[in-house]
Amino acid sequence: MDFALTEEQRMVRDMVREFADREMAPVIPALERQGKYPEKVVASLAELGILGMAIPEEFGGNAFDTVSIALVMEEIARVCASTAVTVGVHNAASAAPIARFGNREQKSRYLPAMAKGAIIGGFALTEPGCGSDAAAVAARAVRRGDRWILNGTKSWITNVKIGGVFVLMAVTDPDAGSHGISAFLVEPGMPGFSFGKDEPKMGLRSSTTGMINLVDCEVPAANLLGEEGMGLRVAFSTLDGGRIGIAAQAVGIARGAFEEARNYARTRVAFAEPLATFQAIRFMLADMATEIDAARLLTLRAASLKDTSPPGADFSREASMAKLYASEMCNRVAYKAVQIHGGYGYSAEYNVERFYRDARVTTIYEGTSEIQRIIIARKLVA
Amino acid sequence: MRLQLDEDHRMLRENVRAFAESEIRPHAAHHDRTREFPLRELRAAAALGLTGVMIPEEHGGAGMDCLSYVIVIEEISRVDASLGVILSVNNSLYCHPIATFGTSEQKAKYLTPFAKGEKLGCYCLTEPDSGSDAGSLRTQARRQGDRWILNGSKVFVTNGVAADAAIIYAKTDPGAPSSKGISAFIVEKGFPGYHTGKTETKLGITSSGSVEIVLENCEVPEANVLGEVDGGFRIALHTLDGGRIGIAAQAVGIGQGAFDEALRYSKERKQFGVPISSHQAIQFYLADMATDLDAARLLTYRAARARDTQERYTLEASMAKLFASEAANRIAYKAVQIFGGYGYINEYPVERYFRDARICELYEGTSEIQRLVISGHILK
Numbered sequence: 039m040d041f042a043l044t045e046e047q048r049m050v051r052d053m054v055r056e057f058a059d060r061e062m063a064p065v066i067p068a069l070e071r072q073g074k075y076p077e078k079v080v081a082s083l084a085e086l087g088i089l090g091m092a093i094p095e096e097f098g099g100n101a102f103d104t105v106s107i108a109l110v111m112e113e114i115a116r117v118c119a120s121t122a123v124t125v126g127v128h129n130a131a132s133a134a135p136i137a138r139f140g141n142r143e144q145k146s147r148y149l150p151a152m153a154k155g156a157i158i159g160g161f162a163l164t165e166p167g168c169g170s171d172a173a174a175v176a177a178r179a180v181r182r183g184d185r186w187i188l189n190g191t192k193s194w195i196t197n198v199k200i201g202g203v204f205v206l207m208a209v210t211d212p213d214a215g216s217h218g219i220s221a222f223l224v225e226p227g228m229p230g231f232s233f234g235k236d237e238p239k240m241g242l243r244s245s246t247t248g249m250i251n252l253v254d255c256e257v258p259a260a261n262l263l264g265e266e267g268m269g270l271r272v273a274f275s276t277l278d279g280g281r282i283g284i285a286a287q288a289v290g291i292a293r294g295a296f297e298e299a300r301n302y303a304r305t306r307v308a309f310a311e312p313l314a315t316f317q318a319i320r321f322m323l324a325d326m327a328t329e330i331d332a333a334r335l336l337t338l339r340a341a342s343l344k345d346t347s348p349p350g351a352d353f354s355r356e357a358s359m360a361k362l363y364a365s366e367m368c369n370r371v372a373y374k375a376v377q378i379h380g381g382y383g384y385s386a387e388y389n390v391e392r393f394y395r396d397a398r399v400t401t402i403y404e405g406t407s408e409i410q411r412i413i414i415a416r417k418l419v420a
Numbered sequence: 002m003r004l005q006l007d008e009d010h011r012m013l014r015e016n017v018r019a020f021a022e023s024e025i026r027p028h029a030a031h032h033d034r035t036r037e038f039p040l041r042e043l044r045a046a047a048a049l050g051l052t053g054v055m056i057p058e059e060h061g062g063a064g065m066d067c068l069s070y071v072i073v074i075e076e077i078s079r080v081d082a083s084l085g086v087i088l089s090v091n092n093s094l095y096c097h098p099i100a101t102f103g104t105s106e107q108k109a110k111y112l113t114p115f116a117k118g119e120k121l122g123c124y125c126l127t128e129p130d131s132g133s134d135a136g137s138l139r140t141q142a143r144r145q146g147d148r149w150i151l152n153g154s155k156v157f158v159t160n161g162v163a164a165d166a167a168i169i170y171a172k173t174d175p176g177a178p179s180s181k182g183i184s185a186f187i188v189e190k191g192f193p194g195y196h197t198g199k200t201e202t203k204l205g206i207t208s209s210g211s212v213e214i215v216l217e218n219c220e221v222p223e224a225n226v227l228g229e230v231d232g233g234f235r236i237a238l239h240t241l242d243g244g245r246i247g248i249a250a251q252a253v254g255i256g257q258g259a260f261d262e263a264l265r266y267s268k269e270r271k272q273f274g275v276p277i278s279s280h281q282a283i284q285f286y287l288a289d290m291a292t293d294l295d296a297a298r299l300l301t302y303r304a305a306r307a308r309d310t311q312e313r314y315t316l317e318a319s320m321a322k323l324f325a326s327e328a329a330n331r332i333a334y335k336a337v338q339i340f341g342g343y344g345y346i347n348e349y350p351v352e353r354y355f356r357d358a359r360i361c362e363l364y365e366g367t368s369e370i371q372r373l374v375i376s377g378h379i380l381k
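In the order they appear, the protein sequences are chains A and B.
Heads up: take any position in the first sequence, counting from 1, add 38, and you land on the working numbering.
Heads up: take any position in the second sequence, counting from 1, add 1, and you land on the working numbering.
It is possible that some hints are incorrect.
As the list claims (entries may be wrong) - Think about it this way: if two alpha-carbon atoms lie no more than 30 Å apart in a straight line, the pair counts; the simulated DSS-like pairs of lysine-lysine are:
#	chain 1	residue 1	chain 2	residue 2
1	A	K199	A	K145
2	A	K417	B	K268
3	B	K110	B	K181
4	A	K199	A	K154
5	A	K78	A	K154
6	A	K417	B	K271
In short, the hints are calculated from the structure, not lab data.
From a predicted model like this one, the values you see are computed outputs, not experimental measurements.
Generate the whole structure from the sequences, applying the supplied hints.
And the structure:
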């Protein structure tokens with residue numbers, strides 16, 4: 039058992055931390071207030087190789103181990119949770135399944151461009167009537183000659199508008215239940231594809247989220263990802279990695295909020311003394327720091343398990359524990375960070391207001407806390 | 002980074018667990034009820050090297066690392082938290098400071114037989130009016146020729162009922178401010194003026210032999226000063242860092258014990274026609290308990306690994322102790338809830354786990370003291 043990062047892992051973490059402080063921290067607050075996507079930041083991250091983290095070297099990526107990816111997600115989210123989810127979905131939910139299930143032609147077409155950031159990837163499973171119950175997909179795909187004709191609506195899709203390819207799940211055989219769902223590589227330029235309205239979100243306002251409408255959308259047969267009927271397998275394969283990523287994002291948000299609160303406590307004077315001299319404030323900070331470390335350890339444990347296990351090994355229990363704990367922790371920490379700031383924490387002039395809003399989604403997407411508990415309990419009780 | 006146990010640590014866990022299941026578990030409830038000090042079980046543990054896990058072999062110990070020590074305390078506490086703390090005190094609070102600060106004569110006499118488990122040690126810092134504020138202790142030691150004369154009273158001394166020797170902290174410079182002018186002494190139970198007082202009746206860990214120790218003109222030879230005269234408080238703090246890892250491990254063990262019972266029971270107990278483990282409310286308790294437990298264990302193992310590889314581990318130890326002790330209480334609470342009324346009677350072990358868990362937030366530094374330590378570090 040070794041808690042120390044390797045030299046390489048430390049270097050990656052430090053590089054992204056430095057980038058986030060230097061290039062992101064000055065511009066993100068204003069962009070987020072305007073709900074703008076940080077295009078230049080994402081382009082710079084691509085130059086650093088961060089958009090190729092989950093892509094094999096032969097396709098232009100740099101194939102980081104899962105521990106490194108978690109560290110990168112944490113460092114980005116510490117400054118901007120919106121950017122973290124943009125990158126996280128691109129890597130874990132789009133590039134990773136293409137790298138794993140794609141044929142050579144698909145990989146050559148998409149992955150090098152994704153690694154460079156020329157194509158941003160997305161993932162489209164959720165529908166208005168299908169959230170936690172993923173098998174309830176209603177979008178339909180019917181084979182017609184050398185194409186598939188897709189009809190349906192996908193909602194809550196991260197990276198709409200900016201995305202160039204979406205791993206999209208639709209029903210190909212309505213009689214086969216969960217085995218009748220297939221995955222497709224769908225591009226916005228395909229006939230019948232359109233983006234719906236943007237969601238006016240509480241947080242993550244610098245990431246794009248919205249609907250995809252498919253009206254007789256024509257997808258070439260060559261864009262079926264994996265075999266027919268394998269759609270849920272493709273979808274679920276992204277979840278463990280995705281959950282580790284969101285857990286890391288939650289750790290990052292919490293750390294951002296914690297650091298703001300600590301700095302504020304040191305400088306804000308009340309009753310003639312800095313807040314940091316009061317035990318009530320110190321104890322809040324002690325709890326925040328302890329819980330952040332606990333969450334990071336659960337996250338890195340799942341990541342290191344993924345890195346050291348044989349392919350196909352099941353680490354869903356560990357990934358779900360990390361996601362569950364980190365996301366709930368993140369909300370507690372952000373809550374306390376606002377509390378320490380007092381009225382200023384309620385003002386958009388201070389970063390903790392943003393962290394507090396951003397934290398809220400982490401217990402909801404990539405499997406709600408309730409779904410994580412179901413997964414963990416299933417492993418325990420089985 | 003690799004956050005999974007290596008083969009040798011996994012083997013150790015298997016061995017200690019097998020020992021705990023066969024030799025300790027069958028008697029745990031009896032000791033809890035009668036409050037008898039588990040001498041026979043302690044001897045059996047000693048035969049396996051569990052009384053001096055980290056002490057070098059040349060001094061009678063097993064010469065293992067801190068992660069091994071944590072696994073030992075965790076596995077013993079999983080079946081009997083009283084024996085867990087008995088071992089923790091002998092290992093961390095008694096043997097360790099002698100191994101670190103003792104002279105070779107002191108080690109020969111006061112370490113080797115204790116690490117082997119032929120004798121038992123205890124640790125006396127707390128006094129009736131000096132708990133969290135340990136530096137304010139009032140026990141006095143004054144020099145008289147080649148001896149020190151100790152007067153005062155020490156309370157809540159784990160192992161005190163059966164201990165052969167104690168490390169006792171006393172003020173050697175009465176004029177010095179709080180936490181200064183304190184020295185550590187190795188005191189044998191047979192020294193004139195060393196009296197063992199009444200055994201405390203406690204909520205939990207009932208068989209750990211907690212007593213008051215009264216020192217009435219207790220005569221201690223000069224050679225029994227541990228470390229430097231007036232340099233004792235540093236030893237106390239150093240000792241507590243390691244001790245906290247042991248208590249964090251104890252808390253993880255109690256949590257695991259309570260969880261295992263609750264999980265098993267939830268599959269057997271039927272209500273509304275199905276095992277209660279089929280009800281989502283119970284499943285969600287179990288999921289939260291398991292997650293809490295894993296987080297506590299990771300913090301504890303991290304602290305142990307920090308101790309194995311780096312000089313300072315105060316912050317890691319305090320975080321582990323704080324989180325694990327509170328987690329053990331949350332887990333034991335939910336375990337009782339899953340048992341319903343049966344969790345409230347002593348026919349089922351969760352009643353004992355629930356009581357035993359409570360101490361983890363109190364001794365070796367309360368949760369509040371851990372928060373002081375942690376905030377001191379992060380606001381440095």
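Please list, smallest to largest, the hint numbers that this structure does not respect. none
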